[in-house]
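J.: Taken in sequence, the protein lines are chains A and B.
Position in the first sequence (first residue = 1) + 626 = our numbering.
Position in the second sequence (first residue = 1) + 57 = our numbering.
Keep in mind that the hints were calculated from the coordinates and are not lab data.
Be careful, since some hints might not be right.
Here are a few chain A residues that sit away from chain B, every Cβ distance over 12 Å (derived from the structure) [as the list claims (entries may be wrong)]:
#, residue
1, Leu630
2, Glu657
3, Asp677
4, Ile678
Which residues of chain B face chain A? A few of them, derived with a C-beta cut under 7 Å, are [what the hints assert, rightly or not]:
#, residue
5, Arg88
6, Ile211
7, Thr215
8, Ile279
9, Val335
10, Ala345
None of these values were measured; they are calculated from a predicted model.
Beta carbons are placed, not taken as given, at the ideal position from N, Cα and C, and that holds for glycine.
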Amino acid sequence: MKRLKILTVCGFGVGSSLVLKMKLDELLKEEKIDAHVETADVGSASSTPCDIIFTSKELSEKLTDSVSIPVVSISNFIDKNEIKQAGLAKIKELIGE
Amino acid sequence: MIVIDFIVNQILRQPALFLGIIAAAGLIIQRKSLSDTISGTAKTIIGVVILTQGTAILVNSITPLSGAFNLLYKIPSAQVLHPIGADNMIKQYGSQIGLTMLFAFAINLIVARLTPLKNIFLTGHMLFWFPFIFISVAIESGLKGASVVIFATIFTATYMIFAPALIKPFVKQVTGGTSFTLGHPTIGLSLLSGLLGKWLGDKSKSTEDIKFPKQLEFLREITITSSIVMFIVYIVIGLILGVDRSKEVFDKTQSLVTFSLLQGITFGAGLTILLLGVRMMLAEIIPAFKGISDKVIPNAVPALDCPIIFPFAPNAVLIGFITSMVTSSITLFIVGAIGLFPYAVVPLTITCFFEIGTAAVIGNGTGGLRGAIIGSGVAGVLMILLVGFSIPFLQHTVSDWIIVFGGNDFSLWSIISGSIGKLF
Numbered sequence: 627m628k629r630l631k632i633l634t635v636c637g638f639g640v641g642s643s644l645v646l647k648m649k650l651d652e653l654l655k656e657e658k659i660d661a662h663v664e665t666a667d668v669g670s671a672s673s674t675p676c677d678i679i680f681t682s683k684e685l686s687e688k689l690t691d692s693v694s695i696p697v698v699s700i701s702n703f704i705d706k707n708e709i710k711q712a713g714l715a716k717i718k719e720l721i722g723e
Numbered sequence: 058m059i060v061i062d063f064i065v066n067q068i069l070r071q072p073a074l075f076l077g078i079i080a081a082a083g084l085i086i087q088r089k090s091l092s093d094t095i096s097g098t099a100k101t102i103i104g105v106v107i108l109t110q111g112t113a114i115l116v117n118s119i120t121p122l123s124g125a126f127n128l129l130y131k132i133p134s135a136q137v138l139h140p141i142g143a144d145n146m147i148k149q150y151g152s153q154i155g156l157t158m159l160f161a162f163a164i165n166l167i168v169a170r171l172t173p174l175k176n177i178f179l180t181g182h183m184l185f186w187f188p189f190i191f192i193s194v195a196i197e198s199g200l201k202g203a204s205v206v207i208f209a210t211i212f213t214a215t216y217m218i219f220a221p222a223l224i225k226p227f228v229k230q231v232t233g234g235t236s237f238t239l240g241h242p243t244i245g246l247s248l249l250s251g252l253l254g255k256w257l258g259d260k261s262k263s264t265e266d267i268k269f270p271k272q273l274e275f276l277r278e279i280t281i282t283s284s285i286v287m288f289i290v291y292i293v294i295g296l297i298l299g300v301d302r303s304k305e306v307f308d309k310t311q312s313l314v315t316f317s318l319l320q321g322i323t324f325g326a327g328l329t330i331l332l333l334g335v336r337m338m339l340a341e342i343i344p345a346f347k348g349i350s351d352k353v354i355p356n357a358v359p360a361l362d363c364p365i366i367f368p369f370a371p372n373a374v375l376i377g378f379i380t381s382m383v384t385s386s387i388t389l390f391i392v393g394a395i396g397l398f399p400y401a402v403v404p405l406t407i408t409c410f411f412e413i414g415t416a417a418v419i420g421n422g423t424g425g426l427r428g429a430i431i432g433s434g435v436a437g438v439l440m441i442l443l444v445g446f447s448i449p450f451l452q453h454t455v456s457d458w459i460i461v462f463g464g465n466d467f468s469l470w471s472i473i474s475g476s477i478g479k480l481f
């Protein structure tokens with residue numbers, strides 16, 4: 627099975643996307659899913675190869691139009707429950723569980 | 058001795074390698090696999106090199122503007138800024154920056170463990186730029202050797218501990234919770250906006266009640282927005298100078314439109330590269346810092362990057378950006394006309410978006426739409442004054458950097474720490 631690549635996106639790609647990445651890493655560890663999480667800014671996100679994107683609601687509207695992969699929108703980046711409810715099913719679907 | 062000498066002079070003085078070692082230590086502490094440790098360490102080292110180059114591109118893209126301002130304000134050549142430059146600062150003093158990051162974070166952990174101030178500063182790039190600013194101020198103040206790192210550590214730690222604690226009540230008004238606070242140089246401007254909103258605002262109408270035109274959504278991409286703004290700035294300055302004089306300072310062969318467009322785009326390109334470098338440099342170090350903090354202080358309140366509160370009032374962010382671009386441009390014309398600063402001060406797109414966008418979210422939290430507009434409008438005026446008054450404190454080191462990224466707590470704290478540094 628190929629290792630899933632997840633991209634977390636914010637305006638600058640260095641601050642809040644890193645917070646989201648760390649929360650996702652925690653969640654993936656709990657769920658025992660082996661995936662690679664990287665951060666990106668909204669400008670370069672659509673040209674970065676990955677399997678699924680996690681971002682904020684405002685940015686997801688922009689990204690959904692320019693990529694063909696699933697885009698998950700999260701309103702509170704440090705709420706692990708919201709991330710789990712919004713994204714876990716999609717991640718499991720992608721890795722074929 | 059040879060071994061110690063080699064470690065000190067060949068490794069610790071090389072910022073890229075030094076930060077690589079910090080990342081490697083962090084990865085080992087987190088018990089990552091050998092493969093992840095090697096790739097994480099290598100990425101950190103490459104990130105530092107990319108960051109340095111990106112900074113150079115970004116800063117070079119606005120250098121012709123400084124030349125134009127010098128001509129416009131008839132600044133005598135003795136007063137023209139000759140900083141050693143942000144990219145050279147990172148090359149020469151990157152290890153001191155790295156050491157300051159480590160020491161200041163350790164102090165932050167100790168204070169959070171022992172006192173009721175439970176916030177832990179986790180905004181990665183700001184953990185880098187605050188030491189960068191304070192190291193520069195220390196050098197400007199004539200400090201040498203270990204005292205440079207001590208000076209920078211004291212100020213970085215003070216900022217990391219107290220600033221996020223000050224803004225916390227206002228963050229709570231926006232988010233309704235205390236699960237996090239802000240760790241970002243917006244704090245000074247956001248406090249101002251929050252207070253103005255409280256005194257003059259009207260909570261009955263929120264920024265989120267209004268419908269924002271979809272055509273303005275592109276403004277949320279800061280690399281594109283800042284490219285456009287820099288393009289306009291070049292065109293306007295070129296027109297003020299006139300065709301002959303602008304050819305003299307800008308480019309002898311290209312037309313003003315072509316030249317301005319390319320400089321604007323180069324600014325956006327430099328910003329993109331800089332961000333890529335920061336991202337690669339910190340992707341491993343910050344999770345390691347967080348891991349340590351989670352172990353030592355279980356009930357810590359993370360102080361995070363400002364866009365974390367953007368989703369609570371996305372309209373306020375754009376309103377704050379547009380309002381402050383207008384008020385800061387007017388302020389720029391006024392300070393230019395009365396000759397307040399003998400330096401080139403250019404519109405601060407990035408600060409208007411992130412710092413003042415956040416200030417508008419806070420202003421909306423305390424005083425609704427009116428609070429957001431008043432708060433961000435006043436913040437735009439203050440931003441120009443802050444950047445102008447902070448330049449003398451960074452004149453020989455990173456004045457080229459502060460005129461792109463300043464006008465916020467970086468400027469405010471350069472003024473504070475520089476005034477104290479003058480006492481030595």
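J.: Tell me the numbers of any earlier hints that the structure contravenes, in ascending order.
T.: Hint check: 5, 6, 7, 10 fail, others pass.
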